[in-house]
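Chains as they are written, first to last, in the numbering used here: chain E, 23 to 254; chain L, 23 to 254.
There's no promise every hint is true.
Covered stretches of chain L (in silico footprint by chain E; criterion: 3 or more residues with CB under 8 Å from a CB of chain E, positions within the stretch not fixed) [stated by the list, open to error]: (1) 76 to 84; (2) 94 to 100.
Simulated restraints on C-beta separations [as the list claims (entries may be wrong)]: (3) E:E160 x L:Q168: 21 to 31 Å; (4) L:K132 x E:H89: 49 to 59 Å; (5) E:E160 x L:R100: 26 to 36 Å; (6) L:G129 x E:Q194: 40 to 50 Å; (7) E:V128 x L:N196: 25 to 35 Å; (8) L:D42 x E:K204: 47 to 57 Å; (9) E:G96 x L:K139: 16 to 26 Å; (10) E:Q190 x L:K139: 27 to 37 Å; (11) L:S164 x E:D175: 26 to 36 Å; (12) L:Q168 x E:E163: 47 to 57 Å.
For the record, the hints were derived by calculation from the structure and aren't laboratory data. For each residue, glycine too, the CB sits at the ideal point set by N, CA and C.
There are 2 protein chains.
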Amino acid sequence: MVSTKFIKMLDEKYGVKFHDARLLEEAFTHSSYVNENPKKTLGDYEKLEFLGDAVLEFTVSDYLYRHYRHLNEGELTRLRSNIVRTEGFSKMALDCGFKPEINLGVGEEKAGGRERKALLEDVFEAFNGALFLDQGIEAVESFLKQTVYPVIDSGFFTPSRDFKTDLQEYLQQNGSVDIEYKVINESQSPSSFRVEVSVNGQVLASGEGHNKKKAEQQAAQHALERLTEGGK
Amino acid sequence: MVSTKFIKMLDEKYGVKFHDARLLEEAFTHSSYVNENPKKTLGDYEKLEFLGDAVLEFTVSDYLYRHYRHLNEGELTRLRSNIVRTEGFSKMALDCGFKPEINLGVGEEKAGGRERKALLEDVFEAFNGALFLDQGIEAVESFLKQTVYPVIDSGFFTPSRDFKTDLQEYLQQNGSVDIEYKVINESQSPSSFRVEVSVNGQVLASGEGHNKKKAEQQAAQHALERLTEGGK
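Starting from the given sequences, assemble the full structure and let the hints guide the process.
Laid out in structure tokens, this is it:
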């Protein structure tokens, strides 16, 4: 069951105090725990997760719409999906100290369920669903102002620039060109790649990386730098 | 531009009266119209659609959570995705008389844009995004109470029952059984299929349909009827 220490922390750190303690408990209860403890009349978090998922999508969208007015719809959508995906919310669950509080069945615990990012994300969503039911959307917003929104503003979720696309757009301003990426030393070291980028058959720049994708990105970045410096 | 007749209808039929008329106008303005009318300082609906999409996901989820308590999380999720998908909201846009009010560019109009379901869905989302910005979430809920929620309650969005899954669950209550579906007259008519369902090698029932999937569903339905009648 959720610890008194955790309940105290929620109140002191985030000003969150549940009226209905069962809602909080349900948000932290995995179905494997319910299955192993049929006598406890406790539900699992799945329906709260269904609701919390939508609550978070809405509050995050509202925040982005109001605070990131310089972004267009495509950029907003990409940023939103970076935030609401598994990586993002599982990080938030860890940051908020949710991990040790989850009620897991013995089998799920042994199978490493507590470490699964998808499960941590579920619990973060369920918690926000429970908070919404208990105290309304303003309480969720107040919690997110202290947790998720600062992480958004830190740039943590901002998609990294795609240099390959940028290079393509730059080069094709005046019509189609032939851009080719070629790995030039794959055999030398399996953990380091060197890639050359050619435009209409002429090598423009090269890049290195731990994998082919990263090496291509660096090659495109170097090409862009060379092209835009040359234009000055 | 949105007609005065439409503005009057929104007020009289749904009690919706925008404080900021520009928000309403923006919700009905496609990018093709903005491109052709650069002198009008009007934005297109895309950012309102980004917001409205999340507003609708949230309000619909909240409604389902509170009013469909007998459904489990999987059923709630399926029902929600039936509602928020293109078919659902484009129908709502038509029902609410949105179609003639959309500001479209000449090219988009000629290309049949006004008939595109995806565009109608976009406008329905954008309208709800605009209404939320203008008057808050309660105003959106009040509008949906008169439009979307009754359609949900009519069963319009309820997924049709999956008889194959139901049959499997029924038969495997006491352990694993071997269920087989077999097309028995595919060659006779390409537009009608007859399928037999066998359990542990014994034919239980058959079904017909325009395609194999439908014939299998009917076979499973007939099998379920036979099994549950027999059990009475």
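Here is how each hint holds up against the structure:
{"no.": "1", "hint": "76 to 84", "verdict": "holds (count 7)"}
{"no.": "2", "hint": "94 to 100", "verdict": "holds (count 4)"}
{"no.": "3", "hint": "E:E160 x L:Q168: 21 to 31 Å", "verdict": "25 Å, holds"}
{"no.": "4", "hint": "L:K132 x E:H89: 49 to 59 Å", "verdict": "39 Å, violated"}
{"no.": "5", "hint": "E:E160 x L:R100: 26 to 36 Å", "verdict": "30 Å, holds"}
{"no.": "6", "hint": "L:G129 x E:Q194: 40 to 50 Å", "verdict": "23 Å, violated"}
{"no.": "7", "hint": "E:V128 x L:N196: 25 to 35 Å", "verdict": "26 Å, holds"}
{"no.": "8", "hint": "L:D42 x E:K204: 47 to 57 Å", "verdict": "55 Å, holds"}
{"no.": "9", "hint": "E:G96 x L:K139: 16 to 26 Å", "verdict": "21 Å, holds"}
{"no.": "10", "hint": "E:Q190 x L:K139: 27 to 37 Å", "verdict": "32 Å, holds"}
{"no.": "11", "hint": "L:S164 x E:D175: 26 to 36 Å", "verdict": "33 Å, holds"}
{"no.": "12", "hint": "L:Q168 x E:E163: 47 to 57 Å", "verdict": "27 Å, violated"}
When the structure is compared with the earlier hints, violations turn up for hints 4, 6 and 12 and for no others.
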